[in-house]
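Colleague: Keeping the supplied structure of chain C fixed, place chain F upon it in accordance with the hints.
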Amino acid sequence: MSITYLEAIREAQARALADDSRVYIYGQDVADFGGAFKATKNLAKEFPGRVTDAPISEDAMMGSAVGAAMEGMRPIIEMQFADFSTVGFNQIVNNAATVHWRMRIPCPVVVRLPCGGVPGGGPFHSQSIEAIYAHYPGLVVMTPATVEDAYSMLIEAVAIDDPVVFCEHKFLYYHLKAERLPDEALPVGKARIARPGRDMTIVAYSAMVHEALDVAREFATEGTEIEVVDLRSIKPIDTDTVIASVARTGRLLCVGEAWPWGGVTAEVIARVSSEAFHLFDAPPQRLNSKDTPIPYHPDLWSAHRPTAQSIAAAARQLLRL
Amino acid sequence: MDRATDAVEAAADSARLRERFLEALEWMLLARVVDEKMGALYRAGKVTGGVYLGTGQEALSAAIGTSLRKGDVFAPLIRDGAGRFAFGESVLDAIRTCLGSSLGPMRGRDGNVHRGRPKEGLLPMLSHLGAMISVVNGVLMARRGRGVTDVVGAVSIGDGATSTGAFHEGLNQAAVENLPLVLVVANNRYAYSTPNERQFVCESLLDKAAGYGVWGRACDGVDLESCLEVLAGAVAAARNGEGPQLVVADLLRLCGHGEHDDAAYVSAALKASPAGRDCVKVAEETAVSNGWVEAGELDAMKAAKRGQVEEAVARTLGEPAPDPYKESWYALASKHLSETHDEV
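First to last, the protein sequences are chains C and F.
Residue 258 in our numbering sits at position 258 of the first sequence, with consecutive numbering throughout.
Residue 1174 in our numbering sits at position 174 of the second sequence, with consecutive numbering throughout.
So here's chain C without its partners, still in its complex pose (with noise of 0.2 Å):
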C-alpha cells in the first residue's frame, strides 16, 4: 500500500477530527464535495456538523475561526488556494497573529493553504505566499516537503496552542508518496538533512526539496556529494542545522519557489552571512522564481521558477567560485 501527499493530508485531519472534538473544518467545497483537491474526502460523513461548506468569504472565514478559537475550539480553515489567502489576510496577520500577544489567551487556527505551482496553474492559482505571513510576529509557518511531513506536521500544527499557516504544495499532492504513515517525527521547529554531503549545501523547504535532491544524485555521479537541508518550517526557522551543514561545506544556496524580493533565501543568508560568515569558502548564492507574475504556459513555468537544471547550473557556478 501507498498513501500520497495529499491522502497524508486528509489523513491527518481525519485523526485531529477524531481525536480532538474541538477540532472542525471550515472552507470552500470541503463538506459533501470533499475539497476542490479532496483534502477533505469522506471527512463531512464521518464526522458529521464538523466539516461545513463556507461563503466565498476568506476574511469571514478567518474571522469566525479567531472567535471560535478563542472560545477554545480548534478551527482548520481551508483556503482553497493559498493565492486566495490574500482575501483574507487582515484577519490572519492582524487579528489571529495579535491575540496571543494582546489578550493572553491562545488562539490555535490551521489555516491551510494550497501553495506552489502546478502546470498551467497561471497567476492567481500558482502562489508560494509564505515569506509574507513569516513576516508577521505571532505565526507559525509550515512547509511540508515529505508525506511524513505532511503528515505529521499537520497534525502537530492543530495541537499548537497558536495560529499555523500549513503550506501544502500542490505539485506534490498526487505524485508524491510513501509506503506508510510515520509514527514518529522531528519536532516542528527542526530542520532536515534530507541528504548528506561535504561538498556543498543546497537550503530548500517545500516542493524545491525535490529538485535539490534531484540535482544531488546527478552531482554524485561525478563525484561531487551536496548536502540538502530541508526546513521543514520557515517559522521558526532552524539557523542551527544550516550554519552547522555549512561548517561541513563551506558552500551555500539557497532555493526557495517563492518570489526573489526578500523572503526565506534572504533571511537564511542573512542569518548563516551575520552568524558564521567565517564559514564560507564562496559567497552565499539563492535562487528563486524570476520576478514576475507565475505564468500560465507550461513552457513559461518552467522557465519561470527553480527546477533540477537551473539549480544544477547555479551549484556549479557556486563550485566554481
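The set of hints was computed from the structure by calculation and includes no laboratory data.
Just so you know, nobody snuck in bad clues.
DSSO-like cross-link-like pairs, simulated, lysine-lysine; straight-line CA separation at most 30 Å:
(1) F/LYS1305 / F/LYS1119
(2) F/LYS1326 / F/LYS1119
(3) F/LYS1070 / F/LYS1119
(4) C/LYS190 / F/LYS1335
(5) C/LYS190 / F/LYS1326
(6) F/LYS1271 / F/LYS1037
Residues on chain C that point at chain F, a partial pick, calculated with CB under 10 Å:
(7) TYR24
(8) PRO55
(9) ILE56
(10) MET61
(11) VAL66
(12) MET73
(13) ASN94
(14) ASN95
(15) THR98
(16) ILE105
(17) PRO108
(18) PRO137
Here a beta-carbon is modelled for each residue, glycine too, at the ideal position from N, C-alpha and C.
Modeller: Frame of chain C, contents of chain F only:
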C-alpha cells in the same frame, strides 16, 4: 380585557421603562464623565497616542450594553464607553488602558479603545473596521456547536464600516448561519471627515438588511427610549432564533473623530438638526419631565461619578508603566517556537 387590568399592565410597563431608562442614563453619565476627564488629560499632555470619545453616542451605546446580559458577547467600537460599562467593564480597566498602566487588561501592549476581557465576553477591537463581525460570528458558531443556546452577540460599527468587505462578508456569513447576531450601525454621518454621500448611495443603510436577508430596525440615536426599545426588540428576536438583526441609529458625533480633530467639517445644518441634539441632555430632560428623577439628583449622580473617575485616574497615575526589561517578548503562546526571547 377590562379596564382595570389594562391600567395595571400600563403601570407595570411604565415602571419597567423607568427602571431601564434610569439604569441606562447612569451608564451614559458615567461614560460622559470618563470622556470629559480623558479629554482633559489629553489636553494636559498626560495621554500618549489618541483619545477617542463617544460624545453624542451614549444613548445608543448604553442601550446595547443594557440589552445584553451576562453570558452574551459584545464587540464594541471606539464610541462605546457607555455600552462597555453597562456590559460590565470597570472604569479602572478603561482608565488603565488609556493611560498605558501595566496593570490594565492590555498591559500597555495595546491602548485606548483597544481593550476588553474576552473570557467575560467583551472582545477587544482591532482598528480594521468591520473585522469584529465575523469574530463574533465565530464565537456564536462555537457556542452553538457546544449546544449553548440563549446567547446573543452584539457588534458595534459606524456608517464607514458598512463600506468594507468585512461588513459584507461578516453579515452575509451571519445570515447564512442564521446566527443570533445584533449588528448595530451608529450612523453619525461622518467616517472621520467623509460624509455619508461619499460612503453610500442607498436611501438608508437599513436598505442593506433586505439584501442580506436579515431583519432591519431603525432607531433615533438621540432618544434613549427609542434606542432601548429597538435594541431590546433586536436582542430578543436574535435570542429567539430569528437570525441576525441589523440596527441603524441616526445620530451625530458631538466631538472630533479623536481629540486631535476639531470636526470643522460637520455641517452647521446637521448640528442644528434633531440629530445634533445631545442625547445625554435629552435623556436627562425626559427623566426629569417624566418625574422619574429630580434635577438635583442628577447633579448628585454626576458628582459621585466624577469622584469615582478622579479616584481611578489618581490610582492609575500612581501605577507602574510597563517595563521593557521585564516584558516577555514572545508573540507566540508556544514559547519554544518563538524566534525572539526575553533579552531587550
